[in-house]
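Student: As you go down the protein sequences, you meet chains X and S in turn. For the first sequence, position 116 (counting from the first letter as 1) is numbered 146 according to my numbering, and the numbering increases by one without interruption. For the second sequence, position 66 (counting from the first letter as 1) is numbered 68 according to my numbering, and the numbering increases by one without interruption.
Just so you know, nobody snuck in bad clues.
Each computed SDA-like pair below joins lysine to any residue, with the alpha-carbon atoms no more than 25 Å apart:
no., chain 1, residue 1, chain 2, residue 2
1, X, Lys83, X, Ala67
2, X, Lys83, S, Asp68
3, X, Lys239, S, His85
Partial pick of chain X residues on the chain S-facing surface, computed with a CB cut under 7 Å:
no., residue
4, Ala73
5, Leu157
6, Thr254
Hint data in this document are derived by calculation from the structure and do not stem from the laboratory. Just so you know, even glycine gets a beta-carbon here, dropped at the ideal spot from N, CA and C.
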Amino acid sequence: MFWLRQRRALKRLHPLHRQLVEEQRFSTALPSAEWTALVTSLAAHEREFSRRKLRLFDRAATVVVPVLRVLQEDMEPGAPLQVTTDLRGAVTSDKRGESRNLEVRPPAKSGRENFYTDPWLVVRAELRDGSVLELAVVERVRERRILKKSRSGKTKIKVKTRSARVVRATRRLPKGMPVARPAPPAPDWLGVRVQQKENGRTVLRASAKVSADDDDHALEQILTVTGELFRWTPPRTSAATPRRAR
Amino acid sequence: MTTPPMQPPTPGNGPVTCPMLRGFFVLGRCGRPAADVCPSCGRRVCREHLGSDRLCVECSRRVNDDVYEPTWMNDYRSAHHRHMSTVYGGDTWYSSFDGDDRDAFEPGGGDWAAASGDFEGDDLDGDAGGDWDSGDDGLVDS
Chain X
31 MFWLRQRRAL KRLHPLHRQL VEEQRFSTAL PSAEWTALVT SLAAHEREFS
81 RRKLRLFDRA ATVVVPVLRV LQEDMEPGAP LQVTTDLRGA VTSDKRGESR
131 NLEVRPPAKS GRENFYTDPW LVVRAELRDG SVLELAVVER VRERRILKKS
181 RSGKTKIKVK TRSARVVRAT RRLPKGMPVA RPAPPAPDWL GVRVQQKENG
231 RTVLRASAKV SADDDDHALE QILTVTGELF RWTPPRTSAA TPRRAR
Chain S
3 MTTPPMQPPT PGNGPVTCPM LRGFFVLGRC GRPAADVCPS CGRRVCREHL
53 GSDRLCVECS RRVNDDVYEP TWMNDYRSAH HRHMSTVYGG DTWYSSFDGD
103 DRDAFEPGGG DWAAASGDFE GDDLDGDAGG DWDSGDDGLV DS
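Let the sequences and hints guide you as you build the complete structure.
Tutor: Okay, structure coming up:
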């Protein structure tokens, strides 16, 4: 009876919310204002579902939803916001890249090293000031699997993983928007590149490699890297003047 | 990311627009049609900037860390700008102060008022100020 109630509730969910519960991922582009329906639906998730199988990964509430809300705040309601998220984790077969054997010594019998690339959040947003923001959060994981055989004959597999998170943000400015190097420089861990395109547009890129162990500060890291791009352009002086009526 | 200057209320008989701050990276005034009056500050604000306690997001002093709450953005924006000031060595620190913070430094306001609290009676003006002109630097050798 209890399960039946949750299954009915699952059918009533926002389609993207349901996809996130069932597949832990989605990819779609919607007008900015329409993402509010997904956020509202996700807000009720804890209340509606208690089964472990139907729980959402923490990153949905700690990173994906806040990033959505922050970008919505900087967009016109009709401007397209494209989000691709995959919360299944990095160590899955379809994210495995390079792989090689390791040289081992007894008691280890064999060893293998696998590398995984997990772009778990990719966003593209057209902002109110006419610029286009692209954001990618990528987890890179190195996994080492060592097969050992003990004297008693037991075989054990030891797995060690080491991961790093790369946050990349790109802001394509509208034609003619002035760019100036900000007075306090960016911190050492944050790289910035400015590219002047032939069509008169300027492209600002910021990237940083940060610790992947600290999920509590993932949002801060992402917004700090993204925020660097907005220090290179002067703040808007006129208020609430939409770029174009949609 | 500095705060744009406060826009005057909509002139004439046109529709009143919400004066609250909008945006995270691209800051500006909200400009949506005002829907209700904040009972605390009397400003007319839109529904999005009205908290569940019927106060506008600037008057509502509750710290809101629930990302699903409509007023979360206002609190998180301030917190993030404070965090950014530590990343950039404090140069953007003053941009995170709001109107209430600045009001305390206005002449005649807050604790700096002549008759208020701790500063009353201190020998920092009038005759006592003469001490500074007499060549006595006020320091005593021990």
